[in-house]
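Going line by line, the protein sequences match chains A and B. Numbering of the first sequence is given in my numbering, commencing with residue 1 and proceeding in unit increments. Numbering of the second sequence is given in my numbering, commencing with residue 1 and proceeding in unit increments.
A portion of the hints provided could be inaccurate.
To be verified - So the derived label-pair ranges between C-beta atoms look like this:
{"no.": "1", "chain 1": "A", "residue 1": "Asp117", "chain 2": "B", "residue 2": "Asn21", "range": "15 to 21 Å"}
{"no.": "2", "chain 1": "B", "residue 1": "Glu143", "chain 2": "A", "residue 2": "Arg65", "range": "44 to 50 Å"}
{"no.": "3", "chain 1": "B", "residue 1": "Pro16", "chain 2": "A", "residue 2": "Tyr519", "range": "51 to 57 Å"}
{"no.": "4", "chain 1": "A", "residue 1": "Trp372", "chain 2": "B", "residue 2": "Arg236", "range": "46 to 52 Å"}
Simulated from the structure, these hints should not be mistaken for lab results. Note that the Cβ used here is the ideal one computed from N, Cα and C, for glycine as well.
So the chains spell out like this:
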Amino acid sequence: MLTTRGWWFLTFATLLLLFGATVLAEITVVPAIVFATLVLWFLFEWALFNVRMNAAAAKLTITRRLVQGGREVPMVWAGLPFDVRIRITSDSSARLPFVLFEDRLPQVAEKLDGWHDEYASITREEPAFIRYQARTPAPGLLRFEGVKARIGDLHGFFYHRVFIHDETEYLVLPPLADDEGKQRADKRFNTLPPPGIHRLRRPGSGGELLDLRDYRPGDPPKMIAWKASARRDRLITKEYESDVPVRCVLLLDTSDSMRVGPPARTPLAKMAGIASGVAQAAAGNRDLVGLSTFDEEKHDGVKPARTKIHMIGLLRKLAEAAGLQPSVKHVPPEQLTARAYPLAQELYPELMNSKVNSMRLGRLWRPLLDRWWGWLVVMWIVSPVLFPGSLFFLGNTLVWRLWAEAIAYITVSFAKSWGSPQLWFFFLPFPTKLFFFLFLWVLPIWTGLLFWFLYGARGWFGSKAGELSRRKRLCALFAVQDATGPAGIERLIHDDLAYGERVGRFLQERQVRMPVPLYDDRGRYRFRCGEKAAVAAEALNRAEIRARDNELYVLLADLAEVADDDMAPLLRAAKFARARHHSVMIIIPWPADIPGPDEAPSVVPAPESEAPKKKKKKKGKKARLIDESTLPREIKLMPLVQAALVKQYHEAFRKFRRRFGQVGATVVRVNEGDAVQVVLDRLDRMRGLRSRR
Amino acid sequence: MSVAPATPEVEATEAPPPPINSMRGMVTDPAVRNYLIAGFAALAMIFLLMLSNNSDIGGLLLALLGAAGMLFRKPAAPSFFLLILLYFLVFPFGVPDEPIRSSFELRKGHFRVADVLLAFSVLVYLACHYRIYVITANGLPYEMRRYNRHARRPTYLVRTGEIPRFLQIAGVVVIVAQFAWLLATNVDADPEASFPFHIAEESELYGRRERGEMSLWQLRLLVLFGIGFFGILLARLVFGYWRLRLMTAPEGALAVQEADWSETHRERVRIEKWREWQKAREKKKADAKENS
């Protein structure tokens with residue numbers, strides 16, 4: 001609570017007061033009176049600050065409103081600015097004269113205008129306001145934690161920080177397509193049916209004539225083609241085409257590999273945006289759209305429909321999917337603590353306060369007996385007692401005799417070298433020989449105890465002690481939140497997996513990105529998950545089972561690097577879909593740092609030994625700011641590794657495209673033109689192809 | 001119908017106010033200016049009081065140092081100010097010579113107008129200095145790296161009547177301090193009495209002290225410590241109880257959990273170690289089974 005300035009002032013004034021009241025008082029009492037006044041004033045300010053803290057700081061409440069398009073909204077649209085309006089009120093009549101309120105910006109939001117912090121002097125009658133404009137570039141979840149209040153006094157002596165919790169989540173829906181966007185389907189054929197309808201060349205109740213056939217008893221008379229019947233002299237019946245809607249099912253991959261990346265710029269967010277664009281444009285054409293999300297374990301689907309409520313539900317589902325974060329399964333616990341501890345301190349200052357959530361020194365003590373050799377130390381300590389005991393039970397053994405004689409010999413040697421017949425301890429004479437004998441006799445005891453103490457006390461120092469203290473305080477916070485009690489603290493301290501899972505959840509809930517390792521210890525890409533292909537195949541099969549007519553399945557998935565064996569179920573599912581005259585399209589997210597396969601390949605720098613020597617000479621020393629020969633080997637190899645990775649990815653993509661091309665599925669890259677337009681063209685073609693004769 | 005264009009000339013003439021952390025800004029802004037005036041007035045009073053105490057150099061030095069500290073926003077200025085004040089109160093001429101010791105100061109040194117005025121002026125100066133510093137330099141301590149910017153108290157938060165209110169408080173504090181000093185210099189200790197402290201007569205206190213009795217400076221020290229210690233203890237109890245009343249459910253749960261954990265952590269650590277051992281054994285068994 002006291003600031004450095006406060007400590008200085010208090011210490012200075014108190015020392016001078018003591019000096020003035022004791023040493024100088026008989027010379028002059030003025031210093032004592034002046035400094036007594038200053039100390040008293042300081043104590044008064046301390047009491048006043050405490051009164052204000054207790055009376056007002058605990059009674060701060062906030063009301064948050066998000067305004068978009070001139071009205072308060074429960075969810076916002078991605079890419080469009082919205083106003084955040086916060087009203088901070090106090091239920092106390094006590095005034096906080098100097099407070100800095102600061103709204104904690106969500107990770108995915110970008111502030112456009114205004115200030116997310118505000119200085120205020122707050123009381124019941126005078127609330128404080130924060131107002132700023134922000135935007136989220138991609139769909140997902142917008143989570144506001146609350147407002148931090150930094151409270152100070154008028155002199156800078158005291159300081160207190162509270163966090164006014166107001167955990168609110170807003171869905172960030174994918175951007176709504178505008179009027180132009182809703183009509184993105186190009187009209188290629190004049191014979192296009194009305195929106196939402198395409199003609200299926202099967203007998204039905206449509207408006208277009210499909211065929212003529214002989215009359216069968218039971219056919220309605222109105223279907224009889226009288227002219228044709230007259231010409232052929234027998235009854236002929238007209239058959240009409242079926243009018244069926246075009247259906248599109250979007251299958252969105254939400255696995256970990258899609259979640260990796262900077263906030264709001266993950267492949268998943270991008271794919272969700274594309275899916276949203278397709279869904280809205282298709283809905284604009286009155287086509288039915290369904291959605292199925294899948295990851296490594298499960299899939300979840302929404303049936304195709306075209307109502308407005310369905311569309312809003314679809315957008316909500318996409319927003320939720322876009323807000324997912326990668327798991328932190330393989331992140332080392334130290335890194336998790338380093339990320340989570342400051343966040344916990346910021347959000348829960350009252351629960352992370354060292355006065356209520358501390359680490360005991362006893363807990364940091366390193367237990368010696370956890371080591372097998374710790375028992376040897378114990379034996380060493382109790383040896384002065386054990387040897388006489390063994391003498392009593394086992395008789396005059398050789399070991400005992402040797403040990404006793406050794407002590408006696410060293411005692412005499414020490415006594416001789418010391419020279420004096422007696423030593424003085426606390427003004428009492430003590431025989432030298434007896435002193436050395438006792439010293440040597442208890443030597444194992446005190447050396448053993450000293451070793452024990454030094455070994456145990458090592459736990460109090462070093463980075464491990466700090467790490468353990470931080471981890472314990474975090475675990476105590478989680479134990480309170482999960483209501484697991486003290487057993488939960490030790491469980492999380494000891495179990496790295498459980499700790500990682502809990503901290504990961506804590507960070508994910510608060511949308512804090514954790515840098516996850518992309519490669520494992522053996523250099524393999526951690527997110528090349530084959531299981532998701534099987535789950536995707538299952539989702540596709542399920543959609544096919546529900547299908548009625550020719551449909552379009554769009555897979556928005558990161559599958560380029562999945563192994564061939566894992567891909568087999570998905571290939572089978574695609575083949576099956578094609579056999580049933582459905583269309584399958586796969587959109588692959590393309591890594592930003594890898595050039596497209598059709599683009600010019602990046603120049604791989606030749607190794608130094610192969611480089612032409614003449615050019616090297618021509619460059620001269622001045623042209624080279626960094627001598628490459630001095631660079632570490634890893635940095636020299638980096639371009640080669642990168643080129644190899646790019647090549648490997650291109651190969652994988654070509655292979656993937658070829659394999660799915662063989663079964664009739666279309667594979668496109670996400671950055672290969674406008675992905676939304678590609679899908680809509682396909683939908684349009686499906687509609688148009690059937691209408692052509 | 002044409003609309004008259006906005007007149008940029010008028011807007012251009014309104015120059016932005018000078019920054020508050022500049023001397024011109026301090027003088028221009030009414031809130032800071034008022035504190036400056038109050039601080040200068042206190043320094044002037046200190047100068048006059050020191051002058052009346054034959055310490056013209058001391059008064060001048062204090063006035064100059066105090067004024068410079070306020071104008072240039074030097075956080076260390078009050079410390080030097082207090083040290084110089086102490087020096088010139090003991091040696092008014094500025095020359096360190098052998099001071100005269102007498103019990104007169106202790107006996108008659110209460111509620112002297114000059115002392116009261118000096119204490120009041122010093123208090124006002126220090127408060128003005130710190131308040132100006134909070135407004136113009138930094139008011140909140142640095143917390144984390146990303147907050148490392150100056151958090152100044154904006155001048156619009158300075159309420160009207162803030163200075164008069166402070167002057168009233170300062171007056172009360174000065175009077176209370178005088179009473180405290182009166183108490184400290186008029187209390188005697190008697191360990192054999194049922195209550196070991198009592199207000200002593202002047203002759204009893206400043207007469208010859210018997211062997212075994214506490215000396216006067218020890219007595220003053222004890223009384224001042226006692227007042228400070230028990231005063232703070234009482235305040236801590238009151239505020240502590242108040243804080244307990246305001247405690248939220250998670251804070252209460254944490255307090256109980258901490259108490260439980262601190263008593264049982266040894267046993268829990270032991271249990272967790274056994275769990276680890278069990279897991280390791282199971283893993284070993286599973287590996288062996290796989291290999292076979």
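To see whether the hints hold, each was checked on the structure:
{"no.": "1", "hint": "A:Asp117 / B:Asn21: 15 to 21 Å", "verdict": "19 Å, holds"}
{"no.": "2", "hint": "B:Glu143 / A:Arg65: 44 to 50 Å", "verdict": "28 Å, violated"}
{"no.": "3", "hint": "B:Pro16 / A:Tyr519: 51 to 57 Å", "verdict": "54 Å, holds"}
{"no.": "4", "hint": "A:Trp372 / B:Arg236: 46 to 52 Å", "verdict": "49 Å, holds"}
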